[in-house]
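Chain U is already provided as a structure; the job is to place chain S on it using the hints.
Heads up: the sequence lines are chains U and S, in that order.
Residue numbers for the first sequence follow the numbering used here, so the first one is 2 and each next one is one higher.
Residue numbers for the second sequence follow the numbering used here, so the first one is 2 and each next one is one higher.
For the record, the hints were derived by calculation from the structure and aren't laboratory data.
Treat the numbers as computed from the prediction; the structure is a model and nothing was measured.
Be aware that one or more of the hints could be misleading.
No copy is singled out in the list; a pair is fine if it fits within one copy or between any two copies.
Said to hold, decoys possible - Dumping the calculated DSSO-like pairs for lysine-lysine here, alpha-carbon to alpha-carbon at most 30 Å:
id	residue 1	residue 2
1	Lys153	Lys66
2	Lys75	Lys153
3	Lys75	Lys168
4	Lys67	Lys168
5	Lys168	Lys153
6	Lys51	Lys153
Number of protein chains: 2
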Amino acid sequence: MRASVFIGTSVDGFIARRDDRLDFLPPGGGEPHGYDEFIASVDALVIGRKTFEVVLAFPEWPYGKKLVVVLSSKQLDFSAIRGGIVEQMAGTPEEVVAKLSARGLKHIYVDGGITVQRFLRAGLIQRLIITRVPVLIGEGIPLFGAMPRDIKLRHIATQSYPSGLVKTEYEVITCVLK
Amino acid sequence: MRASVFIGTSVDGFIARRDDRLDFLPPGGGEPHGYDEFIASVDALVIGRKTFEVVLAFPEWPYGKKLVVVLSSKQLDFSAIRGGIVEQMAGTPEEVVAKLSARGLKHIYVDGGITVQRFLRAGLIQRLIITRVPVLIGEGIPLFGAMPRDIKLRHIATQSYPSGLVKTEYEVITCVLK
Numbered sequence: 002m003r004a005s006v007f008i009g010t011s012v013d014g015f016i017a018r019r020d021d022r023l024d025f026l027p028p029g030g031g032e033p034h035g036y037d038e039f040i041a042s043v044d045a046l047v048i049g050r051k052t053f054e055v056v057l058a059f060p061e062w063p064y065g066k067k068l069v070v071v072l073s074s075k076q077l078d079f080s081a082i083r084g085g086i087v088e089q090m091a092g093t094p095e096e097v098v099a100k101l102s103a104r105g106l107k108h109i110y111v112d113g114g115i116t117v118q119r120f121l122r123a124g125l126i127q128r129l130i131i132t133r134v135p136v137l138i139g140e141g142i143p144l145f146g147a148m149p150r151d152i153k154l155r156h157i158a159t160q161s162y163p164s165g166l167v168k169t170e171y172e173v174i175t176c177v178l179k
Numbered sequence: 002m003r004a005s006v007f008i009g010t011s012v013d014g015f016i017a018r019r020d021d022r023l024d025f026l027p028p029g030g031g032e033p034h035g036y037d038e039f040i041a042s043v044d045a046l047v048i049g050r051k052t053f054e055v056v057l058a059f060p061e062w063p064y065g066k067k068l069v070v071v072l073s074s075k076q077l078d079f080s081a082i083r084g085g086i087v088e089q090m091a092g093t094p095e096e097v098v099a100k101l102s103a104r105g106l107k108h109i110y111v112d113g114g115i116t117v118q119r120f121l122r123a124g125l126i127q128r129l130i131i132t133r134v135p136v137l138i139g140e141g142i143p144l145f146g147a148m149p150r151d152i153k154l155r156h157i158a159t160q161s162y163p164s165g166l167v168k169t170e171y172e173v174i175t176c177v178l179k
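Isolated chain U, as found in the complex (with noise of 0.2 Å):
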C-alpha cells in the first residue's frame, strides 16, 4: 500500500495558525492546482482526532463518499457527520497501515500535522505533495516536526499557478537496513 500526503503551507512551512484557521489559504483552496484529481486516486483519507474536528465545523462534509478513517485512542462523535463514510481507528502508524492493506486498500491519503508526522516517522509516506501558498504567517501549526534522521527526497516535478502557488512533488526515499 502506498501512503500520500497533499498539503498546503504558508512559505514558512505553516499549515494552520495556531488556533486551527486557515484564513491565509485562498478559498476554495484556491485555484486548481490537482487536489481533485489526487483524491479521486485515493481509497481512503486517514486523518487525526485534531483534524477532523477542524474539518467537521466546516459548512459542509469536504470528503464526499470517500472513506475517512479517524485516528484517535478516545471514542468519537460521528453523529454530526451527513452523508460521510467515517470509521476510527486506533494504533500504531505501522497496525493502521497493516489493517487497512488487508481490507484491500491501495492507496492513502495521510493529512494533519501529526498524523503526518507520526507516519512520516515511522516510513510510512511514499510521497509528499506541497503547495506553497505566497504568504510568510510567522508562527502557527507547522507541517514537519522533529525525525530521528534525515529523511531524503527525490524531487519528482514542480509547477507554480498565476496565483502564485508552487506545487512540488517528492518521493520519500526509503532507506533499507541491511
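Coordinates of chain S only, in the frame set by chain U:
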C-alpha cells in the same frame, strides 16, 4: 536601495543544523542555480555575527572582493580574513540600510537566519530567493521566525533542477499604512 535574500533550506525550512553544520546542503552549493549571477548583482552582503563566524571557518573566504558588512554591537576580530573586504556595523536594520544607501549602494544581499528575520520584520527585504534542497532534517536553525503580521509574497518564478533543487523567487508585497 533593494535588499534580497538568496538562501538554501531543507524542505522543512532549516538553513543549518543546530550546531551550524551545513552537511545536508549539496557540496559547493550544488549544481549551478543562479548564485553567481545573483552575487554579481549585489553591491554588498550584510550578515550577522554568527554567519560571519561560520563563514570564517570555511577553508576559503567565499565572497572575494565583495564588501561584506557584519552586524555586531561587539568588536569583531577581522585579522584572520585573507583578501576579503569586511567592515563592522551596528544598529537597527533601518539604520544599516540608511548608512549603506547614503554611500550609494543600490542592492544588498542579506544573509543568515537572525539577520534575515530582523530585516524581514522591519519590512526591508524586497526579494526572497529560496532554494529547497530535497531533504527533511527535522530540526535546526529555521530560515523564518515570528513576524508581527502576515507578510504577503508575490511569486515571480520557480525553477527545478535535475539534482532536485527547487528555486523559488518571491517579491515581498509591502503594504503602506495610510
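Checking an output row: Lys75 and Lys168, CA cutoff 30 Å. Within, between, both or neither? neither (35 Å within a copy, 43 Å between copies)
How do Lys51 and Lys153 come out at 30 Å by Cα distance, when the copy is not named: within, between, both, or neither? The answer is both: 28 Å in one copy and 27 Å across copies each meet 30 Å.
I want to check one pair: Lys67 and Lys168. Are their C-alpha atoms no more than 30 Å apart within a copy, between two copies, both, or neither? within (24 Å within a copy, 35 Å between copies)
Which holds for Lys75 with Lys153 at a C-alpha limit of 30 Å: within a copy, between copies, both or neither? neither (34 Å within a copy, 39 Å between copies)
Are the CA atoms of Lys153 and Lys66 at most 30 Å apart within a copy, between copies, both, or neither? neither (35 Å within a copy, 36 Å between copies)
Could you place Lys168 and Lys153 in one of the four classes (within, between, both, neither) given a Cα distance threshold of 30 Å? Both: 18 Å inside a chain and 18 Å across chains, each within 30 Å.
This entry does not satisfy hints 1, 2, 3, going by the numbered hints stated previously.
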